[in-house]
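Student: Below, each chain spelled out in residue letters.
There are 2 protein chains.
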Amino acid sequence: MIVIFEFSLNKESDKTLYLQLYKKLKNEIKNNIPADTKLPPIRKLAEKVGVNPATVVKAYNLLAEDNLIYKKVGSGSFVAPTQKVIRPETGENMLEHGQIKLSENINLASAAPSKELFPVEDFKYAINQVLERDQGEAFSYQKSQGFLPLRKSIQKYFMNNGINSSLKQIQVVSGAQQAIDILSKILLDFGEKIVVEDPTYFGALQAFNSRKADIITVKMQADGADLAELETHLKEKQIKFFFTMQNFQNPTGVNWSFEKQQQLLKLAEEYDFYIIEDDILSDLYYNESRVKTLKESDEKDRVIYIKSFSKVFMPGLRLAFIILPDKLLPELLEAKYATDISSGGLTQRAFDFYLREGLLDKHIDLQRKLFRKKYNLMTAEIKSELPAEIKVVYESKGGLYLWLKLPANVDAKELYQAAVSIGLVFSPGYLFSLNNIFSNYIRLSFAAVNEDEIRKGIKLFKKIYYEYLGKEIDQEYSPLL
Amino acid sequence: MIVIFEFSLNKESDKTLYLQLYKKLKNEIKNNIPADTKLPPIRKLAEKVGVNPATVVKAYNLLAEDNLIYKKVGSGSFVAPTQKVIRPETGENMLEHGQIKLSENINLASAAPSKELFPVEDFKYAINQVLERDQGEAFSYQKSQGFLPLRKSIQKYFMNNGINSSLKQIQVVSGAQQAIDILSKILLDFGEKIVVEDPTYFGALQAFNSRKADIITVKMQADGADLAELETHLKEKQIKFFFTMQNFQNPTGVNWSFEKQQQLLKLAEEYDFYIIEDDILSDLYYNESRVKTLKESDEKDRVIYIKSFSKVFMPGLRLAFIILPDKLLPELLEAKYATDISSGGLTQRAFDFYLREGLLDKHIDLQRKLFRKKYNLMTAEIKSELPAEIKVVYESKGGLYLWLKLPANVDAKELYQAAVSIGLVFSPGYLFSLNNIFSNYIRLSFAAVNEDEIRKGIKLFKKIYYEYLGKEIDQEYSPLL
Numbered sequence: 001m002i003v004i005f006e007f008s009l010n011k012e013s014d015k016t017l018y019l020q021l022y023k024k025l026k027n028e029i030k031n032n033i034p035a036d037t038k039l040p041p042i043r044k045l046a047e048k049v050g051v052n053p054a055t056v057v058k059a060y061n062l063l064a065e066d067n068l069i070y071k072k073v074g075s076g077s078f079v080a081p082t083q084k085v086i087r088p089e090t091g092e093n094m095l096e097h098g099q100i101k102l103s104e105n106i107n108l109a110s111a112a113p114s115k116e117l118f119p120v121e122d123f124k125y126a127i128n129q130v131l132e133r134d135q136g137e138a139f140s141y142q143k144s145q146g147f148l149p150l151r152k153s154i155q156k157y158f159m160n161n162g163i164n165s166s167l168k169q170i171q172v173v174s175g176a177q178q179a180i181d182i183l184s185k186i187l188l189d190f191g192e193k194i195v196v197e198d199p200t201y202f203g204a205l206q207a208f209n210s211r212k213a214d215i216i217t218v219k220m221q222a223d224g225a226d227l228a229e230l231e232t233h234l235k236e237k238q239i240k241f242f243f244t245m246q247n248f249q250n251p252t253g254v255n256w257s258f259e260k261q262q263q264l265l266k267l268a269e270e271y272d273f274y275i276i277e278d279d280i281l282s283d284l285y286y287n288e289s290r291v292k293t294l295k296e297s298d299e300k301d302r303v304i305y306i307k308s309f310s311k312v313f314m315p316g317l318r319l320a321f322i323i324l325p326d327k328l329l330p331e332l333l334e335a336k337y338a339t340d341i342s343s344g345g346l347t348q349r350a351f352d353f354y355l356r357e358g359l360l361d362k363h364i365d366l367q368r369k370l371f372r373k374k375y376n377l378m379t380a381e382i383k384s385e386l387p388a389e390i391k392v393v394y395e396s397k398g399g400l401y402l403w404l405k406l407p408a409n410v411d412a413k414e415l416y417q418a419a420v421s422i423g424l425v426f427s428p429g430y431l432f433s434l435n436n437i438f439s440n441y442i443r444l445s446f447a448a449v450n451e452d453e454i455r456k457g458i459k460l461f462k463k464i465y466y467e468y469l470g471k472e473i474d475q476e477y478s479p480l481l
Numbered sequence: 001m002i003v004i005f006e007f008s009l010n011k012e013s014d015k016t017l018y019l020q021l022y023k024k025l026k027n028e029i030k031n032n033i034p035a036d037t038k039l040p041p042i043r044k045l046a047e048k049v050g051v052n053p054a055t056v057v058k059a060y061n062l063l064a065e066d067n068l069i070y071k072k073v074g075s076g077s078f079v080a081p082t083q084k085v086i087r088p089e090t091g092e093n094m095l096e097h098g099q100i101k102l103s104e105n106i107n108l109a110s111a112a113p114s115k116e117l118f119p120v121e122d123f124k125y126a127i128n129q130v131l132e133r134d135q136g137e138a139f140s141y142q143k144s145q146g147f148l149p150l151r152k153s154i155q156k157y158f159m160n161n162g163i164n165s166s167l168k169q170i171q172v173v174s175g176a177q178q179a180i181d182i183l184s185k186i187l188l189d190f191g192e193k194i195v196v197e198d199p200t201y202f203g204a205l206q207a208f209n210s211r212k213a214d215i216i217t218v219k220m221q222a223d224g225a226d227l228a229e230l231e232t233h234l235k236e237k238q239i240k241f242f243f244t245m246q247n248f249q250n251p252t253g254v255n256w257s258f259e260k261q262q263q264l265l266k267l268a269e270e271y272d273f274y275i276i277e278d279d280i281l282s283d284l285y286y287n288e289s290r291v292k293t294l295k296e297s298d299e300k301d302r303v304i305y306i307k308s309f310s311k312v313f314m315p316g317l318r319l320a321f322i323i324l325p326d327k328l329l330p331e332l333l334e335a336k337y338a339t340d341i342s343s344g345g346l347t348q349r350a351f352d353f354y355l356r357e358g359l360l361d362k363h364i365d366l367q368r369k370l371f372r373k374k375y376n377l378m379t380a381e382i383k384s385e386l387p388a389e390i391k392v393v394y395e396s397k398g399g400l401y402l403w404l405k406l407p408a409n410v411d412a413k414e415l416y417q418a419a420v421s422i423g424l425v426f427s428p429g430y431l432f433s434l435n436n437i438f439s440n441y442i443r444l445s446f447a448a449v450n451e452d453e454i455r456k457g458i459k460l461f462k463k464i465y466y467e468y469l470g471k472e473i474d475q476e477y478s479p480l481l
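Protein chains in written order, with the UniProt record's numbering: chain A, 1 to 481; chain B, 1 to 481.
Accuracy of the hints is not assured; some may be wrong.
Identical copies carry no separate label here, and so any pair may be met within one copy or between two of them.
27 Å max Cα-Cα, derived DSSO-like pairs, lysine-lysine [claimed, not checked]:
| no. | residue 1 | residue 2 |
| --- | --- | --- |
| 1 | Lys260 | Lys300 |
| 2 | Lys23 | Lys212 |
| 3 | Lys124 | Lys193 |
| 4 | Lys219 | Lys373 |
| 5 | Lys212 | Lys72 |
| 6 | Lys72 | Lys58 |
| 7 | Lys374 | Lys456 |
| 8 | Lys15 | Lys48 |
Hints in this document: simulated from the structure, not taken from any laboratory.
Take these sequences, add in the hints, and give me the full structure.
Tutor: Right, dumping it as structure tokens:
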């Protein structure tokens, strides 16, 4: 399809002709012309509107800069498909998930801990103590790298968890999402190649997309990403970093094996790339002993480590930490400054107080017990209630996520819509991938629900699943005794 | 100068030759080769290392993508000057400014209000009331658009200040810097053209640079930016937005005239661009009546309005607001999500409480009186103490900044270094511009100092100024009476 334009330019105007032409074309393209329509050849259009071919070239160049048109070598210019940096459908869905009222739904989508578990009184005490002590200082601009005593207390926390880092390597940020965003700023130029696990965390994809990264995916396996697949890519392309969640990955729940961790570190050294380890869940192991972070084994300073407590503490505080290699420090500091100057003063100070009082460790221990119970309940309910064709893909004894595979003919997005209508929400799998291969997967989380809701939720899921398949569920009767 | 390489590739390796070559060249360029050195022609290098010319082309392309080399049409490839997205010297300087201890210096650099003026007790009361009321809810993830009651109370605040907006147009962010950063994300692709006032706010330049914008500058005049100069650019280039501070601009203190505001709005309509109005100081007018924001006159929804209270309230809270045109709302919400999910819950709620109690207006009235006094004192001290060749360029009766022009032969950066050594800091003018035309300008602020320090600071400035010129100051003796 080719398009013919019917307009003329104003040669009396003091606006240059090519800008006039550019605006007219832009307007047409945005409003009237479908994607992949061919634009008139340069000479033809020049003749038609009575200008020099160079004028058309300039106008087309501006349109290409706007990503409104693209050129195919030897065949001319075409209207580009409407693109947004972030896939709108996905974005809006996830935002909706975040905003769901717990009271109205059974929420198996949210991975945010339920607010009843927050240590509000303890933290209120911390805030008041800090305000008494620091007064207005707590409300001043803070250092961009973060409140020094907090950096010291989190350094100690890391050490107790097997991670040694120098104080200057620790940066305070406003949550793990900000960590990902700031790291993208310093590491990614447009078109830079990176690798992510497939599927992976939705918000990370958004941040990488916003820097127009060239995102390569490698598939997840029961013991971590497929490293053979990774190496195939590494042999062909220089990548900037590999983004990974090593423990109880979002959304699969996968826990990397120690062997694969060692292999990954070796690959990073051999093929010269960074690893960004996003650790939000390593504290939630349900076997006896804690799991290993990649950072613990990182002797060559290849791992940029993000630590957030938002899944076990209070996400509304918006606090997280980055440990990063020395040579990235100045750039990171500048990027933090350009992002929001510094993180909030009061929350940094109160969290520091809370850490020093040893309250965080106690709180996490408690959370681990509660979550373990819910994990066991949910896996049991899935096994006893749901038909055998629905499978938990990986069982990792930790974290907040269960990744379920449904039969290939089930569209999880349609299932989701049916579920919403009866007050149940979960996360359809397609949200977590750039590839179109998870349409029959879903992620269930038990973070925001209590035991009753888990039982009810799985029953409701069964109901809509059978309805979707057009099957009826047997009515259950109990004998009157 | 041309460089000759002495290395060979491993043809037995399973890494592709062009990646091997790319890495070797990258390593050489980063460590050994000065900027603007010419690289060997493609054929020569191909012969030398025994590969296909296509292999060299691929390697050179990767280096160009990394911005390590640049091509001159017809003359080959050259080593690029070391570039950082953000000019490192500037960045580090500004960060130092933000971190200076008031107790050790007379700080005429910082525009942060001194912490003695913060209403700590009132805000502590607000925090405790909110925690009593909202409990764990205050520490949950918040909606990405912001806490609804806060959006309502700030809408009312805007209305009282002449700005009408719908509720859905209001977005809560973590400070004005984050507002600039997020707006850059949704509006700027690499190479997009924008216009800024010259000089302008340092942190804005950082954010725009981080998106690799093509930044055009127009000079400031006593009544606002030079709109004739702006229009010259508009006739030639399509710009995405004009970034401006309409009232008591940073660093010049300039207050736009109503006439120029109207002209600017007309230009935006005619040449189809947005205006980002960064309003951090309109509350600090020292004449009888308040000044006009551009947003008040914005009938066509051209103005994206950023409002922060960090200069009159408590900057460590990290809160600000954006009013933006309807059609940008979905993208903004997604960008906020990808940036840090949401702003902190407790601070949003406490600030809302504080607003509703009418405490902010009272606090700002008080601040205005205090700042007016300091403004008058500082301008008087400059006039009485400093030699006539040092001029306050614009006098606008408002804000926190005085922009001083020194004689052309004075290098303000050298003067700054001399000043630091005797415990005085201010902002050298070059920080606020991409052009090299403000080397003999400085910005003084009286935000963080008391009246005594203003007097002492100007005297110290006089001292180092005369020392810099190699002049002696008359020793002053007072008669013993």
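Student: Compare the structure with each hint and give your call.
Tutor: Outcome of the hint check:
1. Lys260 x Lys300: For Lys260 and Lys300, only the intra-copy Cα distance (17 Å) is at most 27 Å; the inter-copy one is 58 Å.
2. Lys23 x Lys212: Both ways: Lys23 and Lys212 sit 25 Å apart in one copy and 23 Å across, limit 27 Å.
3. Lys124 x Lys193: neither (45 Å within a copy, 48 Å between copies)
4. Lys219 x Lys373: neither (30 Å within a copy, 65 Å between copies)
5. Lys212 x Lys72: Close inside one copy (21 Å) and across copies (26 Å); limit 27 Å.
6. Lys72 x Lys58: both (17 Å within a copy, 20 Å between copies)
7. Lys374 x Lys456: This pair counts as within: shortest intra-copy Cα distance 13 Å, inter-copy 65 Å.
8. Lys15 x Lys48: Answer is within; shortest intra-copy Cα gap is 19 Å, inter-copy 53 Å.
In terms of the numbered hints stated before, the structure departs from hints 3 and 4, listed from lowest to highest.
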